[in-house]
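K.L.:
Residues per chain, in single letters:
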Amino acid sequence: MKPILIVDDDEVIREMVMMLLENEGWQVRQAGSGQECLNQLRQGFRGLILMDIRMPGMDGWETVRAIAQEGLFTGNLIYMVTGEAKPNLTADGLQEYVLDYLVKPFHPGQLVKSVRQGMDLLLS
Amino acid sequence: MAVDNIIVIGASTGGPRALPELLGAMPALPACLVLVQHMPQYINQSFVNTLRRYTPMPIALAQTNDRLQPGTILVAPSGVHCRIQQNKRIVLAEGPLVNYVRPAIDVTMQSLLPPAGLERILGVVLTGMGCDGAAGLSHIKNLGGITLAQNFATCAVFGMPGEAIKTGHVDYVLPPAEIGRKLAHLIG
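Those protein sequences? They're chains A and B, same order as listed. In my numbering, each number is its position in the first sequence, counted from 1, plus 34. In my numbering, each number is its position in the second sequence, counted from 1, plus 20.
Hints may be right or wrong, so weigh each one.
Looking from chain A toward chain B, a few residues come up when the C-beta cut is under 10 Å (computed) [stated by the list, open to error]:
| hint | residue |
| --- | --- |
| 1 | L54 |
| 2 | E58 |
| 3 | M114 |
| 4 | L128 |
| 5 | Q129 |
| 6 | E130 |
| 7 | Y131 |
| 8 | L133 |
| 9 | Y135 |
| 10 | L136 |
| 11 | V137 |
| 12 | K147 |
| 13 | S148 |
| 14 | G152 |
| 15 | L157 |
No lab work stands behind these hints: they were computed from the structure. Backbone N, C-alpha and C define an ideal beta-carbon position, used for all residues, glycine too.
One chain only, chain A, in its complex shape (with noise of 0.2 Å):
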């Protein structure tokens, strides 16, 4: 089973995240930063990153910028994850490797059928 990553500046939304998750059976793990985030890719991490897009530092955007820079995305699928209802994105490369863009609050059952769905992609 390929693992989650959470990647979130805020401990208790990755806690939160991390224990619906485990509880759906799926191997979680955390990273509180996108410099952290990279090093877990560095190290071998290959599954589906959460990525939140708020963050102190390297924000969820460049980390995915940093991710392509590096070569690390293959193995991988990313969803975003941001607190506007609408985000207004532009497109420059990235859309290839975002498969979707998840809205915080979680609704824990719209959140669970999401993974769900990257799971199947990186599993079936």
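Starting from the known structure of chain A, arrange chain B on it as the hints suggest.
P.N.:
Relative to chain A, chain B alone:
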């Protein structure tokens, strides 16, 4: 076999959520569907396998020289543009990124020619970042085709449908499941 109808559907961010809803609301149609989803190459086959659960139509990754058969779905693979030659045959080819992506929805849609006889051509743009598909839908509209876009409320990202709608060339703006039902109504 003559191609009766062609439907090109383009999607990007949020597409893996929208496409099952669309296909799940649609019976087998006398049309060839060509899906262009922006995605990394390593999930191409699993994407096809996942969508297979939602549609009664045979679905496969497109290959060069595949003929567009009514009642089937072809999915554009990553890394190459997917053109439709003479409205009958798939041609995959390398080339520069278009709208920052490859395959680009615009490239596939803009490769279509005016329909012959009673053939119908339809284009759909679903959720996604950027503007890919907007020029393609305009092209289909100019060919006399019918165009549809996903509505704001159900999009993960409204960028692509929003840009398409701004062209003034979109006939229907609907949620994914209603797009599926509308396609069935228009084609079935």
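K.L.:
Does each hint hold? Answer for all of them.
P.N.:
Tested hints:
1. L54: Since chain B brings no Cβ nearer than about 18 Å to L54 (chain A), farther than 10 Å, the hint is violated.
2. E58: violated (18 Å)
3. M114: It holds, given that the least Cβ distance between M114 (chain A) and chain B is near 8 Å, below 10 Å.
4. L128: Constraint on L128 (chain A) satisfied, holds at 8 Å.
5. Q129: holds (5 Å)
6. E130: Where the cut-off is 10 Å and the nearest Cβ of chain B is about 5 Å from E130 (chain A), the hint holds.
7. Y131: holds (6 Å)
8. L133: The hint holds - L133 (chain A) has a Cβ within 10 Å of chain B, the shortest such distance being about 6 Å.
9. Y135: The hint holds - Y135 (chain A) has a Cβ within 10 Å of chain B, the shortest such distance being about 4 Å.
10. L136: holds (8 Å)
11. V137: Holds, because the Cβ-Cβ distance from V137 (chain A) to chain B comes to roughly 9 Å (cut-off 10 Å).
12. K147: holds (8 Å)
13. S148: Holds, about 7 Å.
14. G152: holds (8 Å)
15. L157: holds (7 Å)
In summary, the structure is inconsistent with hints 1, 2 from the numbered list given earlier, while agreeing with the others.
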